[in-house]
Structures are given as C-alpha cells and as structure tokens.
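Please dock the two separately framed chains into a single complex, following the hints provided.
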Amino acid sequence: MSETPPSSPPGTRWGLKTKLILSMLFVGVIPLVVGLGMAFRQGSQEIQEVSGESFAALATEASRKLDLLVSEEVARTSRIATDPVIIRELEQRRDTLHIQPSTERQATLERHAALWQAKDPAFVKTVTDNSMARLLREYYVGSHSETDQLLPTVVRAATKMLFITDLDGALVAAMSSKPAISHSTQAWWQGAYHKGVGQLYIEDVSFDQAVDSYVFTLSMPIMDSLRYEVVGVLHRVIDAKEFFSPSTHPIRFGKTGHVMLIDSRGIVISCPILPTGVSLSDMSLVPLVTLPHPGWVAASSDGHGDTSTSIIGFAPLAETSRATNGSLEGGSWHTFVWQSSDELFAPIRHLFTWMTAFGVIAVGLLATLGFLAASRIVTPVRQLQAAAQSIGRGELRTPIQIQTGDELEDLANEFNRMNTQLEAAFAGLTDQVTLKTQEVQYLQQSTDQILDTVPTPILLINGQEIVQYVNRAARETFNIQPEQLAVTPLFMLLPLDPATQKKLRQEFHNNGSAASAQDDVSRSTLLRDPLTPSMKQGPSPHRSELQIGPHLYHYQWFRLPGWSGNHGRIGLVLRDTTDESRLQDQLVQAEKSGSLGVLTAGIGHELNNPLFGIVGLGEAIQEEPDLQRVKTYARDIVAQGHRMASIIRDFTGVTTREVSDQRVPVYLEQALDQALATMQTTTDMKGIVVQKAYAGNTRVLALPDQLQQALSNLLTNAVQAMKGTGMLKLATTLSNQLVTATITDSGPGISKQHLSKIFDPFFTTKGQGEGSGLGLTVARRILRKFGGDVRIESLEGQGTTCLVTLPILAAPPEEGPWTASTSHSEPQPSRSS
Amino acid sequence: MDRFHFALRAATLTLLLGWLWMGAAPPFAKEQTSMPGIPPEKVADYVHAVLEADRTIYTTHIVNRMQEKGIVAAAEHWEQENALLLPAQFLQHSGRLVAESGRGIRYRLIGLSPIYQRNAPATDFERKALETLRQQPERPVTGMVASGKKQYFQAIYPDRAVSAACVNCHNSHHLSPKRDFKLNEVMGGIAITIPLD
Chain A
596 MSETPPSSPP
606 GTRWGLKTKL
616 ILSMLFVGVI
626 PLVVGLGMAF
636 RQGSQEIQEV
646 SGESFAALAT
656 EASRKLDLLV
666 SEEVARTSRI
676 ATDPVIIREL
686 EQRRDTLHIQ
696 PSTERQATLE
706 RHAALWQAKD
716 PAFVKTVTDN
726 SMARLLREYY
736 VGSHSETDQL
746 LPTVVRAATK
756 MLFITDLDGA
766 LVAAMSSKPA
776 ISHSTQAWWQ
786 GAYHKGVGQL
796 YIEDVSFDQA
806 VDSYVFTLSM
816 PIMDSLRYEV
826 VGVLHRVIDA
836 KEFFSPSTHP
846 IRFGKTGHVM
856 LIDSRGIVIS
866 CPILPTGVSL
876 SDMSLVPLVT
886 LPHPGWVAAS
896 SDGHGDTSTS
906 IIGFAPLAET
916 SRATNGSLEG
926 GSWHTFVWQS
936 SDELFAPIRH
946 LFTWMTAFGV
956 IAVGLLATLG
966 FLAASRIVTP
976 VRQLQAAAQS
986 IGRGELRTPI
996 QIQTGDELED
1006 LANEFNRMNT
1016 QLEAAFAGLT
1026 DQVTLKTQEV
1036 QYLQQSTDQI
1046 LDTVPTPILL
1056 INGQEIVQYV
1066 NRAARETFNI
1076 QPEQLAVTPL
1086 FMLLPLDPAT
1096 QKKLRQEFHN
1106 NGSAASAQDD
1116 VSRSTLLRDP
1126 LTPSMKQGPS
1136 PHRSELQIGP
1146 HLYHYQWFRL
1156 PGWSGNHGRI
1166 GLVLRDTTDE
1176 SRLQDQLVQA
1186 EKSGSLGVLT
1196 AGIGHELNNP
1206 LFGIVGLGEA
1216 IQEEPDLQRV
1226 KTYARDIVAQ
1236 GHRMASIIRD
1246 FTGVTTREVS
1256 DQRVPVYLEQ
1266 ALDQALATMQ
1276 TTTDMKGIVV
1286 QKAYAGNTRV
1296 LALPDQLQQA
1306 LSNLLTNAVQ
1316 AMKGTGMLKL
1326 ATTLSNQLVT
1336 ATITDSGPGI
1346 SKQHLSKIFD
1356 PFFTTKGQGE
1366 GSGLGLTVAR
1376 RILRKFGGDV
1386 RIESLEGQGT
1396 TCLVTLPILA
1406 APPEEGPWTA
1416 STSHSEPQPS
1426 RSS
Chain B
869 MDRFHFALRA
879 ATLTLLLGWL
889 WMGAAPPFAK
899 EQTSMPGIPP
909 EKVADYVHAV
919 LEADRTIYTT
929 HIVNRMQEKG
939 IVAAAEHWEQ
949 ENALLLPAQF
959 LQHSGRLVAE
969 SGRGIRYRLI
979 GLSPIYQRNA
989 PATDFERKAL
999 ETLRQQPERP
1009 VTGMVASGKK
1019 QYFQAIYPDR
1029 AVSAACVNCH
1039 NSHHLSPKRD
1049 FKLNEVMGGI
1059 AITIPLD
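Just so you know, the sequences run in chain order A and B. Everything in the first sequence is counted per my numbering, starting at 596 for the first residue and increasing by one. Everything in the second sequence is counted per my numbering, starting at 869 for the first residue and increasing by one.
What the hints contain is simulated information worked out from the structure, not anything from laboratory work. It cannot be assumed that every hint is accurate.
Okay, the calculated beta carbon distance ranges per label pair [said to hold, decoys possible]:
(1) B:907 / A:687: 49 to 55 Å
(2) A:679 / B:970: 48 to 54 Å
(3) B:925 / A:879: 41 to 47 Å
(4) A:720 / B:970: 35 to 41 Å
(5) B:907 / A:660: 47 to 53 Å
(6) B:907 / A:720: 30 to 36 Å
(7) B:1036 / A:747: 57 to 63 Å
(8) B:1042 / A:805: 36 to 42 Å
(9) B:1042 / A:721: 55 to 61 Å
(10) A:805 / B:1036: 43 to 49 Å
Selected chain A positions facing chain B (Cβ under 10 Å, derived; list incomplete) [said to hold, decoys possible]:
(11) 666
(12) 1000
(13) 1347
The beta carbon of each residue, even a glycine, is placed where N, CA and C say it ideally should be.
Chain B extracted, bound-state conformation (with noise of 0.2 Å):
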C-alpha cells in the first residue's frame, strides 16, 4: 500500500520533473532554442510543497489517527515491529525512491543533531544553511554547488517539528544527541538537490 503509494507519489514527481528537465535542459543542450524555462528555486519549491502537504497528511491523518485509536502506532523499526514509518522516514524513504528513479532530483533530510550521523549536512553549505534556517526560517536557503565538475542546485527548507512523535522521538533516541527538541521547532531542514548539466 505504502509502496504504491510512494510509487504514485514519485510517478507524479517524476512527471513534473521530467517535465521540467526537459524544460530546463534545452537552454544548456539546445542553445539556439529559447523555450522559456522554469527557474530551479521554482521547482524546488514546487516539489517541496509536495513533499511538505504529502508528509503533513500522512502525519496528521494517518499516523496520528492510527495511534489515536490504538490502531497502529509508528515505529523506527518498523519492518520489524509491523509498524508505520515515522514521518520523518516516510520523507526519507519517499527521497530514496525518487533517488533510485535515476531523474536526477534527489532531497533528504538534513539536520545538525542528527541521530544517525548520515543525515548530518555534507557540505558546509549544507551546514551554513541550516544554521542560517535556525534564526530565519522563513526563507528557504538556495544556492549553486559543486562536487568535482558537477554543478548542482540546492534549496534548503526548514523542517519543523509538525508533531508530538517527531519531538518525543528525537528527544528519547539512544544515539539522539539532543534531547530537548520543542513542538514546532526548527529541527532541520529538507535539502533538496537539482543537477545543473
């Protein structure tokens, strides 16, 4: 169910995507055709409202409800336990699955406490964002950068958190380096990551 969901989900995205990369590469492949394009703060943007009104309802409407009624409650092992994700996976996973899509957009969740270090930022770009999101969350924080000869852009948005699971979560965490995380609270932010050539 999850997972059909999440392919509809990406299949959606990839569309647009698809779209948009075809929209947006002619100017760097095709020089001489000038079809307008979208700019990738645009995109970016547009795909993180996806992904923000995605993860809002499965939180609000099904992992909380599930917990309410004692249905089904969310899990971090959640294979294990036959559980529902956490939110927070469930962008995690959903990233995973546009990533392996192969379209080249790719986000995740970054932050600068995080429990397993993978999703520490990578890049001090990263790291600087998130910082800057920190005091001014309002703003997503974009920018060009490099690996090697690759250009990419990048758009940081902060990720608040939305609900009780998240805090209590990250607060009682074993590997959790901080624990005292507030409802709503800027906790990280979703990096989303667009390749340039």
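Same shape as in the complex, but just chain A (with noise of 0.2 Å):
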C-alpha cells in the first residue's frame, strides 16, 4: 500500500491514489464551501428579511400602542377642553375682550405681565385659583372626571403643567405659577388657535426650563359652545420620557433588542438605552426611518452608536402625526425598532461556526474515507499493474488473486486468462521450435550423411574464399583436417597451378558465372533431340575441368542463396572424370571392333550365299553335259554375282562416300520428293495413297545424294512395311531451329522387342535376300553427320512414324508456300534397295 511502483518516483507525477484523495477532496471541499458560504449567505439574508419583517410589524404594532397612548391622552385632554363652564368663561372672557379697543387689551396685557412676573400673589391668585383653574386641578386629580376617564397615576406624574390661554394667548388659568403669562407668540399656541378655526396642536419634544426636563405638549383648541371658533387654549407640557417609557421600555426582546420613539427631526422621544431629546448618532438613518408608512430597513449603522450593518423596523404614529406640529408636513413621529446587529446575527454566526466545525470535521472524514477507498481501488490496480510486468517478463506464475467483486476482478481475471493463453501459446511455441530445431538438426546430419555418402568432392566457401564446409569425400581426396575449416581459404586447400587458380578465382568472384553457363547450355540442350545421346554432344567450349595431381576433375559452381542476412555462399562441386574418360575410350574401342565383327560376319554371310550358290553351280556345270542347262546355270551365276556387286556397294555406300565432304544448302522438302520419285520408278506403289503436308521450303546443309539416300532408306523400309497398299503421310514441321520431317506408314508396326535393335548394323525383319539391314544405320549415320537425327516410333498394328530431324540452315529466298499434294504412284515389285 505504501511502496510506489518503480515506474513512478515520486516527486516527478501525481499517483493514481493522491489523484483520487485530491478528487475526493475537491468533490467533497468545494460544494461544502459553497454550500457553506451560499448558506451563510441566504441564511443572513433571510435573517434579515424575517427580522426586517418582525421589527417592521413589532414597530406597527408598538406605534398603534403608542398612538393609542397619545388618543387617549387627546381625548382626556379634549374632555376638559369641552366642558361647559370652561367654555362658558372663556365665551365670556370673549365677549369682554371683543368690546375692548385694541389699546386698552395691550395695555391690560403688559400689567398682568407685569403682575406675574412680579409674581403678585393677588394676580396669582387670580390666575391659579379662579373657577378654570380649580376645574383644572379637579381634573388633574380625578375628582371631577368618571372613573373611567381618571387621568392614570402615570400620567398625571408625567403632566408637567396643565393651563388655558384665552384667545389672546395670556395665561387665564393654571395650576401652579409656572407657565409664562403671554403665550400668543408660541408656536404651539399659534398652531391651536390656528385663526380661530382651532385644530389640535401636538408639539416636538424639547427641553423646558420651567420643568427642567425634556417635554412634549399637548395644545387643544377651546371652541365656543356652537364650535364655531376658538375661544382659549387647554396646553398640556408632558415629560415625554415619563409619559412614554411605560408603553415603550417593557417592549424588549433579546438582550439589546427595544423599541424607541422619535419624531422626524430624529430626537429621541424614548428610548429604554437613548436619554430623551438627543438626536440619533447618525443623522444619515432619519430619512430611512422617518417614512409615512411601516417598513424596515438594512442600515449602516443603528443610530445608537454602533456602524455596523443594522436591520431596523420602523413605523409612523399615524394619527398623533396628523397632530405633531400642526400638521403632518410639520413634522411625525415614528417608531424605531432595532437590535444589536452582533445579537441579531449571533444565530447565523453561530451556525457558521458550527457549520464550519463539522465542515472540517467532514473535510477530515472525506480525506480518511477518501485514502481508504483510494488504498482499496489502487491496491488491486497496482497488484494488476505488478502482474502485466511480470507477465511482461514472462515470470508470473500464481494467477493474481482479486477479490473485489467490480470491473478490476473481472480485469484480473482477464489478466489470469491472458496469462494462461500466453503460456499455453509459448509452450506450443517452445515445442515448435524444438521439434523445428530437431528436424534441422536431422537435416543437417542427413545432408551430411548423403554429402559424405556422395563420392564426389563438395566445398562450400563463403565470400571471403574460406572453405566452410567439406564433405568426407573432399576431405579424403584433399587431405582437409576438420580444424582448416573456416579458416583456411579454397585456394590454400586445393594444389592448383596459377593459370588455373586465376581462372577459378575469377569465376568465382563472377559468382559462379561457370555454374550459371553450364545452366545455358543445358537450357540450350533441353529442346535436342530425344534420341541423340549426350555423349554426342562432344565437348563443350564451356567444359570445365581441372587438373589436380593425377586425377582430372569437371568442376561445377552452384550458389546458395543467403539467408537471414547472412551472405550467399558458393559451393565446389567436383567430379572425378579421370576412370570415367578411360572407361569411355575402352568402351569406344570395344563398341569399334564389336562392330567390325558383325560387319565383317554379317558381310561374310551376306556373301557367302550367293558364293556358295557361284561354287555349287560351277560344279554343276563342270558335269553337265547339257549346254542348255548349263546356259541356265551360267545365268545364275551372273544373277548371284550381281546380288553380290548389290551387296557391295550397300556396304561401300556406307564407308566410302563419306569422304567426299562437300555440304550444300538443299531443300529437304524437295530431297524428299525425289527420293519418292526415284522409289516410284522401282516400287510398285500402285495401292499407296501419298499424303503430303509440307511446312515450306526448307532448308539444310548437307550432301544431296547422301541425304537423298538416307531418306530412300527410310521411305523403302515404310513403303515395304505396307506391303503394297496403305497411306504414306509426308509431313516437315518446323520448331525452333530444328526441321522435323515425318514419314509415317499405316503398316504392322514394329514390335518392342525389335524396337530397340533397328538402328543396329544388319538387323532386319526382311526375308533372306530382301534387306541387308543396314537402310537404317546408313540412313542414321548420314543425318547424325549433318548434324541432325532419326528416330522411330511405332506401336504394333498402328503403323510406324520415322521422325527425321535436321537444323534450319539461315532463312532461304522466299518461293511461295508448299502445298500438300495427294497422288497415287504406280505399283511396283517390292525390293530393297
């Protein structure tokens, strides 16, 4: 598992198991990333969105609690603003200043200024202790109101001042002597009375000296009894933080998450961690925040001091923002919903970190994993990887044993298979070569044998003339020792003079050019005549032969072709023709006087008959008294002298003209017709249908008469063969230099037996006195000395064909085709010639 396969050192490339732990890793590392990191992303987002949308509803809710709060506080406010002796008083007070001329009401207004800055507790009593204030103050505790409409603890302690103006602005009735005496130039008082018309008047917060603390007001309008028109003002100045925080401070979630109340200048109205009346600490929030309508908002900051990114709801009082400064243009108040953004997203950072955790941990987990699954894949591919290489090597010899159940079993297990075949196809293989190395080394030692057991000389030399190999033959003749072989070159083996070394070395560097004529020649020799024997042939120009020591050698060079790279080497064959030379000239000799034997007893015998009927009949005559008969016996005598002149000059026509040499061109085809003409004039040949097909005119050097003669010779013996009647076919064909006439005679045919001996000097299947038996061993002679041949063929009862061969001489003046001719010759008395 830890070693590293040969092929891969380490460092250079990456192996298939660090691959598969990076892959895994990868697979594993980078959708855990983004899955974190999208996670993280969405979670914070819908975080924000889910808090937006709870802070948003949370400030809705807290400013319908809130503008409640303020309704309520209007109402009550209302209620004293309403009641019928307040009215009635100020309704009075109207009517009183109305009459008044403008002069005199300043005038009045400065002294009572006066008055109450001097603090005259007659003129404070006036003010703080007439029937309005004393209503005032019943309502403030409660002892003048329903029970249900009794000012709560809470705001009852939050109400700093409670007095009314009369429609000038002065101060006509209070509760204590705190407020000032002219109030026609507040902006409050100016926004209730609003021209006469009235309208409720609720004002931002702000810090009042005479309470010392920072305060909201509350400025209803006193209408007269008909609503028509104001008559006074009911101003209330509550302290916003006491009035407020019991409806917003206990509204709390988490540990930093309030809400809190600010107008739309963006001073805080309360705040459970802001004191009343600062302004928020980023001025860049009021226009997010400030909105006529619920919402929530991503900021930048949360307005308590901290930048960092704040998800803030936030909603308008609705209806006490019709009121606030008149108006809604003049101003709103809204509430602030908000928590700490650490808080807030402490969730989802948390699950981060959590995630991040097990995300390491499954990082850990994926590389173990990864490393186990990885040793188990690459284990059995590195086994396999092993196996090819000892495969390679040709060493496995276990199968490889896998067991995973997957493709790298069934990969194994083809690895077995092919291990196997391989083995099976190598030991076949192996078998071969050795049953093929055996039959060469059987070869080998047969050729051997037969070359050891061949009485000639053979050598083998390669290119460079070393002798490589001999057989026993040339080792015994040359005396060779085995340990010359490969090293000694021919020329140093074979004792050789040097006209005849030079001439064997060139044909040898010639390849052998010796060897490849004697092939020519025997091609040249392959279309000869089937009869002519090759001992007449006569010598070749080409003859090779070699003189060593006594014995005389025909030599012949034959190649052996190259083989695998290796250079062709040439071999030596020699043949001893020394006995053979002898042998022939003995059987030359012996062949001669065998003939003249035969000649001579065969003459003998010829002779002797007729001499004998010569000696018997002189004896006749010399008793015979009869001169008739001796006259008869005379005559025979001359009869038998004549057979015998015949009988000499058959013999003389074989020996003496053969000195006279003079060849000529003569046309074969027309040598032919006059021997049939001359046959014609002797022979009856009245039942013979001649056919002729004659090939042209051709011709051959040669004697005429003699060539005339040897074809009688053969034309006599067809026609005797027919006995009189039958079909002589006449036929020259031409082929190759050669001209072939054919005579064939539809007679008894020859027999085997005698087929063999018709060429032999006096044999004949004539009767006594018919034939000499010597027509075809002239007629042979004659066309073997012209250079050409005869032969017989003949089946018994078919008829017999002489095949007469002669070379064309060169090609003749041209005299028109032959044509073949029919004729019918006249009948003659059968004779030898």
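Printed below as a string of structure tokens:
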C-alpha cells in the first residue's frame, strides 16, 4: 500500500492514489465551501428579511399602541377643553375682550405680565385659583371625572403643566405659577388657535426650563359652545420620558432589542437606552426610518453609536403624526425597532461556526475515507500493474488474486486468462521450435551423411574465399583436417597451378558464372532430339575441367542463396572424370571392334550365300553335258554375282561416300520428293496413297546424294512395311532452329523387342535377300553427320512414324508456300535398294 | 391638485359668501339703507347644494372610478398611504379651508355615532336636529343659535351614505360606535353655520 511503483518516482508525478484522494477532497470540499457560503449568505439574508419583517410588524404594533396612548390623552384633554364651564368662562372673556379697544387690551396684557413676573400674590391667585383653575385641578386629580376617565397615575405624574390661555394667548388659568403669562407668540399657541379655527397641536420634544425636563406639549383649542371658533387654548406640558417609557420600555427582546420613539428630526422621544432629547447618532438614518408608512431597512448604522449593519423596523404614529406641529408636514413621530446586529446575527454566526467545524470534520472524514477508498481501489490496480509487468517478463506463475467483486476483479480474471493463454501459446511455440530444431538438425545430419556418402568432393566457400564445409570425399581426396575449416582459403586447400587458380578465382568472383554458363547449355539442349545421346554432344567449349595431381575433375559452381542477413555461399562440386574418360575410350574401342566383327560376320554371311550358289553352279556346269542347262546355270551365276555386287555397293555406300564432304544447302522437301520419285520408278506403289503436308521450303546444309540416300532408305522401309497398300504421310514441321520431317506408314508397326534393335547394323525383319539390315544404320549415320538425327516411333499394329530432325539453315529466298498434295504412285514390286 | 381644487372651490364660495356678507351686512351695519337681502336659509341652501354636488362628483367620478380601476384607493390615513381622501374627509377638509379663510361661514359633518368625538353634535340644537333628520330627512333643520353674545344661523342638512365606501368604513372602523349603517341611510348631517353679527 505504501510502496511506490518503480515506474513512478515520487515527486515527478502524482500517483493514482493521490489523485483519487485529491479528487474526493475537491469533490467534497468545493460543494461544501460553496454550500456553506451560500447557506451563510442565504441565511443572513433570510434572517435580515425575517427580522426586518418582524421588526416592522413590531414597530407597527408599537406605533399603534403609542398612537392609542396619545389619542387617549388627547381625548382626556379634549374632555377638559369641552367642559361647558370653561367654555362659558372663555366665551364671556371673549365677549369682554371683544368690546375692549385693542390698545386697552394691550395695556392690560402688559400690566398682567408685569404682575405675573413679580409674582404678585393677588394676581397669581386670580390665575391659579379661579373657577377654571379649580376645574383643571379637579380634572388633574380626577375628582371631576368619571371613574373610567381618570387620569392614570403615570399620566398625572408626567403632566408637568396644565393651563388655559384666552384667545389673546394670555394665561387665564393654571395649576401652578410655572407657566409664562403670554403665549401668543408661541408656536404651539398659534398652531392650536389656528386663525380661530382651532386644531390639535402636538409639539415635538424639547427641553423646558420651567420643569427642567424634556417635554412634549399637547395643545387643544377650546371652542365656543357652537364649536364655531376658538375661545381659548388648553395646554399640557408632558414629560416625554415619563409618559412614554411605561409603554415603550417593556417591549424588549433578546438582550438589546427594544422599541423607541423618535420624531421626524431624529430626536429621541423615548428610548430604553438613549436619553430623551438626543439625536440619533447617525443622522443619515433619519430619512430612512421616517417614511410615512411602516417598513424595515438594513442600514449601515443603528443610530445608537454602532456602525455595523443593522436591521431597523419603523412605523409612523399615524394619528398622532397628523397633529404633530399642526399637520403631517410639520413633523411626524415614528417608532424605531432595533436589535444589536451582534445579537441579531449571533444565531447565523453560531450556525456558521458550527457548520465550519462540521465542515472541517467532514473534510477530515473525506480525506480519511478517500484514503481508504483510494487504497482499496489502488491496491488491486497496483497488483494488476505488477502482474502485467510479470506477464511482460513471462514470470507470472501464480494467478492474480483480486476479490473486489467489480470491474477490477473482472480485469484480474482477464489478466489470468490472458496469462494462461500466453503460457499455452509460448509452450506450443517452444515445442514447435524444439521440433523444428530437431528437424533442422536431422536435416543437417542427413545432408551431411548424404553429402559424405557422395563420392564427389563438395566444398562450400563464403564470400571471402574461406572454405566453410567440405564433405568426406573432399576431406579424403584433398586431405583436409577439420580444424582447417572456416579459416583456410579455398586456394590454399586445392593444389592448383597459378593459371587455373586465376581462372577459378575469376569464376568465383563472378559468383560462379561457369555454373550459370553450364545452366545455359543445359537450357539450350532442352529441345534437342531425345534420340541424341548426350555423349554425342561432343566437348563443350565451356567444359569445366581441372587437373589436380593425377586426377582430372569436372567441376561445377553452384550458389547457395543467403539467409536472414547471411551472405550467400558458393558451392563447388568436383567430379573425378579420370576413370570415366578411360572407360569411355575403352567402350568406344570395344564398340568399334564389336561393330567390325558384326560387320565382317554380316558381310561374310551375305556374301557366303551367293558365293556358295556360284560354287555349286560352277561344279554343276563342270559335270553338266547339256549346254542349255549350262547356260541356265551360267545365268544364275551372273545373277548371284549381281547380288554380291549389290551387297558390296551397299556396304561401300556406307563407308566410301563419307570421304567427300562438300555440303551444300539443300531443300529438305525437294529431297523428300526426289527420293519418293526415285522409289516410284523402282517400286510398285499403286496401292499406296501418298499424303504430303509440308511446312514450306526448308533449307538444310547437307550432301544432296547422301541425304537422298538416307531418305530413300527410310521411305523404302515404309513402303515395304505396307506391302503395296496403305497410306504414306509425308510432313515437315519447323521448331526452334530444327526441321522435323515425318514419314508415317500404315503398316503393321514394330514390336517392342525389335524397336530397340532396329538401328543395329544388319538387323532386319525382312526375309533373306530382301534387305541388308544396313538401311536404317546408314540413314542414321548420314543424318547425324549433318547435325540431325532419326528416331522411330511405333506401336505394334498401328503403323510406324519415322522422325527426321535436321538443323535449319539461314532463311532462303521465299518461293511461296508448299501445298500439300496427294498422288497415287505406280505399284512396283517390292525390292530393297 | 386637490388643494388647488379646494382653493378654487373655496374661492368660489368666498366670492359668493362675500357677496352675501356685503348684501346681508348692511341691514345691521347701516340700517338706513334698504338693499334687498338674501335670507340665511337661502344662503345655506346654496352652500349645501354646492357642497353636495362637489362631494357627489368627488365620490362617484373620482373615488369610485379610481378604486374600480385599481389606480388608487381612498383611505383614512391618506397622507401616509398615498391615497385619496375619503368623501367625508373631503368635506371636512374643505370646510376647514373655508374656516381658515376667515369669511365667517363654516360647515362641518356631524353625526350621532361619530368615529371621532370631535364630530359629535356640539350643542343640543345640533343633537336634536340630527335626531329630527333621522326621522324626517326631507328638509333641513334651521335655527338661530348663540355663543355667548354672538348670534349665528345654523342649518343642519341630512347626510346620507352616498356610497359603499361610507358604509364600509363606518361599519369597520375600530373607533366606530355604530356598525350597522346601510347604504343611503342618513348617517348624520352637514351643519352650516353663518354668523349673524
């Protein structure tokens, strides 16, 4: 498992295992990181949205609650403002003032202001202890109210001042001496009076010196009994913090989440954390959260001094805002719901932390599992690799054992099968090689033995003239030691004279041209007449002979083609022809004397018969008295004499005419015709049909008389064989420098036993005195002299064919084609010529 | 746009009332002149006709159409919600504008079951008038009233639920004391007040 394959040095490339582990890590980690990131992002966003929505809802709810709180307070104030006593008092005051001139009204105001300033007890009493002031106090403590309309304790405590002004803004009734005497220039007064129409005026929070607190004011116009016009203004100064904190402060969530109330300027009216009257720390937040409708915003600060991203829910106090500073445009109040972003995002941060922790664990697990998985995958792969290497070296002996139950196991099985098949194939191959080697060895041995039994010396020489092999005959003949082989050049082994050596070397370096020349000769004689014995070829001009010591050798080169990169070798075969020549000479001599003996015996036998006749007839004449009978005897003697002369002529015809040797071009067909014509004059040929098929005028070089003699002999045999009736076919055919004249008869043919003897001198199948037995002998001798030959083909009972071959002379002047002709010749008595 | 509209309406009313004032005032101010005057009943009638016409046009041709086409709805908190004024608010606000103009004539919507207490009848006269109108809505209730030494002519005209929006709002508002209003029912009245001195 930990071993590194030899083919992969560590560091240069990554192994399969590393790659697998890395792949698994990548496959695991990237989606994990992406998933974590997206989950965090999505989670944050959703938390923002969910929190935002909740905050907005909370802000809306809180704003409704506060709105109701303010509305209730407005309603309570309204009850005071609609008190008939107060209205009547103020109507009377209006009516009084109405009739006063403006200067007098002004003077009275200034006088009252001075008195109030000086805290004149009498004047103060007129303000703080008149019927209206008493009523105010009653309302304040609740003695004048119904049970359900009592001012709640909190509200009572929060109400810092409560007073009434007349329609000139002058203080007419107050619970204490704290309020100023004239208010006609105050914004709240002008807002509430509103040109006599009157409207609710809720003033934004501000610091009031008189009560030493941040307050908001609630100014209610006091309308006349018809609600036609303003006759006075009821003014309440309420401590903002005291008033709102019981409603806003209990709304807390988490550690930092809370609700606060701000006005449209961003001034805090009530907040559990910030003091009332301060601005939000980030004024850029104000336009975001003072929208006229509820909502939430992800702002870059929280307004409480922190500049981290904050989710802020907000909602306007719809009803209250209508009256703030006289109208909606004059300002509005908003709830502001906020939670520290640290706290807000703590769950997602915790989640992220945990997810990161689990992610790390998961990566660790991935790496471990990846390592295990990779090991499981890689180990069999490495086994396979090692096995493949073993198979490559041919060393795998035991089958690969992989039991993974998957493709790798299949692969291993395939490897095993492949290995088995390879082994089988190799085993078969080895057997075959052994067998072939044995065959080769056997062949070599056989060849050696054969070559050794051949009596002719055979040598094999390589291109450097070094003798590489000699057979036993050569070893013994030239006395060659085995150690000389393969080192000794050819010409050091063979004791040759320099001239022969030079000739041989030349032939050798022509790669045995003599051998090929020999081949050419053999090829040229392929078409020679089969009747011509090779002996009669005469000595070849290329005859390769060597005189080594007392022996004469006929030698022949032969080439052994090269094999598989080896250069070819040249073989030399030497045939000892010393004895052969001597034997042949003896044979020729024996034949010669044999022939002479036969000839002599034949001549003697032939001549003896007529001679005995002549002697017998002579003796009869000596004793014969009758002359007539003597004459008859004498005639017979003459006849016998003629016969003897004819025998002698035949004999001389064979021998004497050989002397003249004036060969001239002769037309073979003409010679045949002439021989036939001569025959027809002497022989009865009436019953014989002659058929001619000539190839043309074929010129041959010959002695015309002798050629005609030879052809006559052949024709005579044919005609005689047919015994007066039959068909004689004469034909010439040309082939490759040779002309063949065919004489075919329809006679009885020649038996096999006679066929081999028909060319022997004096052999004849004819009766005594009919033929000398020399006709074919003579014919053959003549034709062979002209370079041709004669051959007899015959089947018993089917006629005989005589084939005459002669070499063709150079082309003669064209005389037109010969046409075959058929004629009947006169029948003539059969006679031998 | 609305403001301009109201301003225009107010200007028209002002002109009319100004002329009335000039016409009506002389008998009190200069008793020796004898220019013929218009009785306050008639003035109130004129004003009411204009008010009714304006509000009807606003209700049927603006609010209803806008709501039907889904362009913009009418809502109580129209400032915050970027909506149209309710027809009742239309009348109240125009009355406010008229009052702010300081011409003297004022009108407002009153009811026996108001959503806001400020719209309840201010006087016994008003209450009784509303009760009368609930029974006999055919004619307005008129009369002379006084605030201290000030004399006023007041005419209370019946105000019917002219559209479904009126009924729905009053029946569903959390502050509404009565939730069984029906279409075309007399929900309250338009109180027109004209000072006499």
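Status of the hints after comparison with the structure:
For the hinted restraint 49 to 55 Å between residue 907 (chain B) and residue 687 (chain A), the CB-CB distance of approximately 30 Å leaves it violated. Hint check: residue 679 (chain A) to residue 970 (chain B), Cβ distance near 26 Å, so the stated range 48 to 54 Å is violated. The beta-carbon spacing between residue 925 (chain B) and residue 879 (chain A), approximately 45 Å, falls within the hinted interval of 41 to 47 Å. Between residue 720 (chain A) and residue 970 (chain B) the beta carbon distance is about 36 Å. The supplied range of 35 to 41 Å therefore holds.
Evaluation of the 47 to 53 Å hint for residue 907 (chain B) and residue 660 (chain A) yields a pass: the beta carbon distance comes to about 52 Å. With their beta carbons about 49 Å apart, residue 907 (chain B) and residue 720 (chain A) fall outside the hinted range of 30 to 36 Å. A hinted range of 57 to 63 Å is violated for the C-beta pair residue 1036 (chain B) and residue 747 (chain A), which are about 34 Å apart. A C-beta distance of roughly 37 Å is found between residue 1042 (chain B) and residue 805 (chain A), which places it inside the suggested range of 36 to 42 Å.
Against the hinted window of 55 to 61 Å, the Cβ-Cβ separation of residue 1042 (chain B) and residue 721 (chain A) comes to about 44 Å, which falls outside the hint. The hint said 43 to 49 Å for the Cβ distance between residue 805 (chain A) and residue 1036 (chain B), and at roughly 48 Å that hint holds. The beta carbon of residue 666 (chain A) is positioned within 10 Å of a beta carbon in chain B (closest approach about 9 Å), and the interface hint is therefore held. Because the beta carbon of residue 1000 (chain A) sits about 69 Å from the nearest beta carbon in chain B, more than 10 Å, this interface hint is broken.
For residue 1347 (chain A), the interface hint is violated, since its Cβ never comes within 10 Å of a Cβ in chain B; the closest pair sits about 139 Å apart.
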